[in-house]
Every structure is written in C-alpha cells, then in structure tokens.
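**Q** Line by line, the protein sequences give chains A and B. Residue 122 in my numbering is what sits at position 109 of the first sequence, and the numbering runs on without skipping anything. Residue 387 in my numbering is what sits at position 161 of the second sequence, and the numbering runs on without skipping anything.
Among the clues, some could well be false.
[What the hints assert, rightly or not] Below, simulated SDA-like cross-link-like pairs (lysine to any residue); rule was C-alpha separation at most 20 angstroms, straight line:
1) K537(B) <-> E89(A)
2) K419(B) <-> R503(B)
3) K515(B) <-> P97(A)
4) K536(B) <-> F44(A)
5) K460(B) <-> D429(B)
[Claimed, not checked] Cβ-to-Cβ under 7 angstroms is the rule here; a few derived chain B residues that face chain A:
6) D313
7) R314
8) P396
9) P397
10) Q402
11) T441
12) L443
13) S444
14) D446
Calculated from the structure, these hints are not laboratory results. For clarity, every value in this text was computed on a predicted model and none was experimentally measured. Using N, Cα and C, we set each Cβ at its ideal position, and we do this for glycine too.
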Amino acid sequence: MTSVVSCRAALAGLCLSLVFAASAPAEESEFGVLVVAEGVEETYYSCIACHSEMIVAQQGLTRQAWDELLVWMVDEQGMPELDPETEAIVLDYLSAHYNVDRPNFPQADN
Amino acid sequence: MAPRDDRLPTLSEFYAADPAAADEAVFGRRSHGDRRGFLKGAGLATMGAMLGMAIPFHRTMPQGLIPAAFASDKVIEGKDGLRLLNDRPLNAETPAHLLDDPITPTDRHFIRNNGLPPEEVDPKTWALTVDGLVETPLTLTIDDLKKDFEVVTMALVIECGGNGRSAFNPPAKGNQWSTGAVGCSNWTGVRLKDVLTKAGVKDGVVYTAHVGADTHLSGDPEKMPISRGVPIEKAMTDDVLIAFEMNGGPLHPMNGAPLRLVVPGWPGSCSQKWLKRVWLRDQVHDGPKMTGTSYRVPNRPVAPGEEVAKKDFEIIERMPVKSLITTPENDAQVDKTALVRGHAWSGDRTIEAMDISIDFGATWIPAELDPPVNEGAWQNWRVNVSFPKAGYYEVWSRATDSAGAMQPFAIDWNPKGYLNNTMHRVAVRVA
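Chain A with its partners taken away, still in its complex shape (with noise of 0.2 angstroms):
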C-alpha cells in the first residue's frame, strides 16, 4: 500500500514523509499499488477505467482464473475488449505478480 497510506498520513498532518515528498517527489509509483515491472502501465490503466487498482493487488489467481475474470469483465460488466496484445501483456504480467502464490498480497495489520 502506498498512495492510500500516505494519505491517510498526510491528511492527519502527521506525515513526515510528505514533507520529503514535497521537495524530491516522484517516490509515489504513478501505477498506485501495483508492482512496477514489464506490464504494469498496460494493466493499469486496462483496470482503473472502472475500478481501483487496489482490488487487482489484493487477488492471488491463476493465469487461467485470470483470462476467465477478464472474459466476465468484458461479457458482463462492460469493459471494453484488449487487443490480443495487451491481453497477452495483461495476463503475463498478472499471472506473474497476482498468482495463487500471492507474492505481493497486501497486508492486513491486524
């Protein structure tokens, strides 16, 4: 988690951070919460068109499970196709940060 976070922080005025981010910013990643490597601005912005990144880092699935949730997604919730490309960007790049291994699960604290 780090855009929320460092939000809730700052708005309680007690976020030292911010004040470091005000002079050298650019710590915050432009893709919220999700792992920067290969695929990330594709499946950023494929996803927060509707939704939050946030719910995508908080799954653990497999490529497959992925490739049916993008199918649903498109057949019922309106989201508008991928071109095979980025499909195939999409999944690789979910399947290895989002899989049921779930590397990068976001933490509760409690």
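Here the structure of chain A is known, so what remains is to put chain B in place on it, guided by the hints.
**A** Showing chain B alone in chain A's frame:
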C-alpha cells in the same frame, strides 16, 4: 516549506507552500496545462474515494484546491480507523479491536460498495416504490414511512457474505476481507413486512427484488451494480427493516443514506443500500449478483481448489455461527489476568454457549454470555482469563448456536470465498 515550530505541518500549511507539489504528493494528482482538472484518473479516483463520492465538475477543479470536506482530516469522512481494501468501489473493514463496543458506532461500521454511490440523496425528496405482485403499488417518501407505519429501533447484525475471505487457500476472487466486514448498529425504520402488507402481497409471490440508486462502475446507466432479494417468507419476518436512521442519527452516506434495507443475519448484500424499489416477483430474483456463482456456495462439501459446475451452486441464506474477540487487540501485551470479550452471532438463531481457549483448543473456558437485546442482534460476552506464566498465547473463541452448530477450526472451502466462520484467534504476550 519551513514549519514555524517543531510540530509537523498541517495539510493546509503544506498546501500553502506549494499547491502543485502537495496535490501530487497527497492525491497523486497532476493537472492539465490550464492548471485545472486531473491529467490522469488516479488522483481523481483517490480524492473521490476519500470524499466518498464522485466530483462531477472535476475538469474545472483548480490545481491545489483542498476539498472543503477534508476540514476534519479523516480518510473516509465520518469513519474512524477502518482499513481501506478498495477505493473504487469503496470497501473498508473495521479491525477487530475497534469493534469493541456492544453496539457498533456509525464511524466503525464497515463499508461494502459494489458500484458508485448516488449523488442525489436528499431525504426530503427520496421516494421508495413498492410494486410487482402487489394489490396496490405504493410510492412512499421517508416522511410517509414515518407517518404511516410503526417506527422501531433494533440492533441488527449486518455481515458481508465474504467476511473472512482472505484466509482462503487457494485464494478466492473478491475483496480480501479479514474479520471486520461485520457490525451491529442500532437501526431505526419501519418493518418491511408492514409496508408489504399495506401494499397487499398477491398469491404466488416467491421472492423480493431490491433496487438501489447506486450506479455501475462502467458508467453504463442501463446496468445495475447489484440487485438482490430474499424469499418472501424472510421478508415477512419481524426483524427486516427499511431503515432511515443509524444509531439515532442519519445513515452514513457509504452505509446507504438516506434509506436502506437491513436484513440481519443474511449476507449483507440482501440489505440493499440507497433503496429505491422493492419489487415482488413470482420467481427467484435474477438481478445482478443473484445468479451465476455470486453469493452462492456448492451444494456439497468440496476440496480446496475443486472446480464446481455452476448448476451445483446454491444461494446463501442465513450466515453461520461466528464470534469475534474485540479485547485484547491482536498481538497485545497483557497481564497474567486479563479480560477477554467480544461478540457472537448466528443468522436466524441465538448463541447458546460461548467458550474460549488459551491452550490452542486443548481445553475450553466458558464465557459469560448476554442474551441478544432483540432478535437479529449479536450477543456480547466476556471472561476473565488467568495465564499460568509469561509467554506467547493465542486466545481462541468458539460460539455454539441454538441449533447446536459450533464454529469450526478449519475453513469449509468454497470457490467464491464465502461463509468463513472459523474460530477467531488473537495472539497475546503475557509479561
């Protein structure tokens, strides 16, 4: 910027020094060349999530303008300490130790949104339609509800069907709730039963269908984010409310203001928020998230990870027996004698016994258990525990309900990650 003294700068001071830099640091916002609007969606989404709704005129919103709603300096206006799972749609749960109150305060009640909340929520003009298989269709304002029907206040449990999903292995899709998608607030409203009786329930009604005013994430006005219902027999019970007050005040905007259903003990999705219409049908309702595998579990026990055919899924009705330890907080340091307390509930049933263990389930200690304040409320319990010596312990809680059902240790795995009612476990360190 240079703070005037050694205290940390406030949000306003931070903005005063360099509005553009502050905008980017706080919200991830970058503006168009005209210094208005949001160049990319991320900053706008963050700001919208923190405000709790969309900003229709975002394109003209000046760079560096702090939304006036942030005067209170809270992440989700009117909520305290909730863990944000998702900011669009907004989903946030309450850490267990913040659910310690016997009745859940409004600022500690979890949020589960499927779509985007409506922007027009004026309680003076809000109207509820009751139609479908009724003798007389009704359109009622909130004032009509208060005037024409008995107004009641009840403490009622709302729990998300997916509460506890984060513990599923293999993981299940959806918001990864830990234990905090549950609350028991005081809800004031009128009985759904009374309103349906006035409209006149026709023969052949099987199910209710609930429609809210929230909008679909895709922006498609033809799509509803969620529309679920309950069997008519459930709708005609005494503890299903059409609620217009929460804990004696207005409903929180993210908890369905100005009007919602409260169907205690059933998946929270039955308790339609921003309620606009109750439609009586002669078939099981087939709105969004009623069909497929939504809010459904297999009709038999399945192995973790097993593929289950769609036809073998059944709609979830009552939620299972469950308990929560709200004191002490997980990983707290406690004395050799410590008070342990929390809540227990079971959909459409009462809790008959509440036990805790401090030795990994080898032996159990009965807790003092209060009766529910009314049907549909959770039950509060407490027990003083003596730990034999310093060290690491886990406190486990286990409720048993009026049908003899007891919380299990292990998850009854299902593909969509519903109904995790395993014992609650809290770590304590005894000094």
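**Q** May I ask you to test the interface hint for R314(B) with respect to chain A, counting a Cβ-Cβ separation under 7 angstroms as satisfied?
**A** This interface hint holds because 4 angstroms falls under the 7 angstroms limit.
**Q** Hinted pair, alpha-carbon criterion (20 angstroms max): K419(B), R503(B). Please report holds or violated.
**A** holds (15 angstroms)
**Q** If you take the shortest Cβ to Cβ gap from P396(B) to chain A, is it below 7 angstroms?
**A** Nearest chain A Cβ about 5 angstroms off; hint holds.
**Q** Does P97(A) lie within 20 angstroms of K515(B) when you go C-alpha to C-alpha?
**A** Not OK: K515(B) and P97(A) at ~29 angstroms, beyond 20 angstroms, violated.
**Q** Measure nothing beyond the straight line between the CA atoms of K537(B) and E89(A); if it is 20 angstroms or shorter, mark the hint as holding.
**A** holds (19 angstroms)
**Q** Against chain A, is T441(B) within 7 angstroms by beta-carbon distance?
**A** violated (12 angstroms)
**Q** Holds or violated: is there a CB of chain A closer than 7 angstroms to the CB of P397(B)?
**A** Result: holds, 4 angstroms to nearest chain A Cβ.
**Q** Taking 7 angstroms as the limit, does the beta-carbon of D446(B) come near enough to a beta-carbon in chain A?
**A** holds (5 angstroms)
**Q** Going straight from one Cα to the other, do K460(B) and D429(B) come out at no more than 20 angstroms?
**A** holds (16 angstroms)
**Q** At a threshold of 7 angstroms, is the proposed contact between D313(B) and chain A supported by beta-carbon distances?
**A** holds (5 angstroms)
**Q** With 7 angstroms as the cut and Cβ atoms as the points, is L443(B) at the interface with chain A?
**A** This interface hint holds because 4 angstroms falls under the 7 angstroms limit.
**Q** Next pair to validate is K536(B) with F44(A); report whether the Cα-Cα distance is within 20 angstroms.
**A** violated (35 angstroms)
Hint compliance for this structure: hints 3, 4, 11 are broken, all remaining hints hold.
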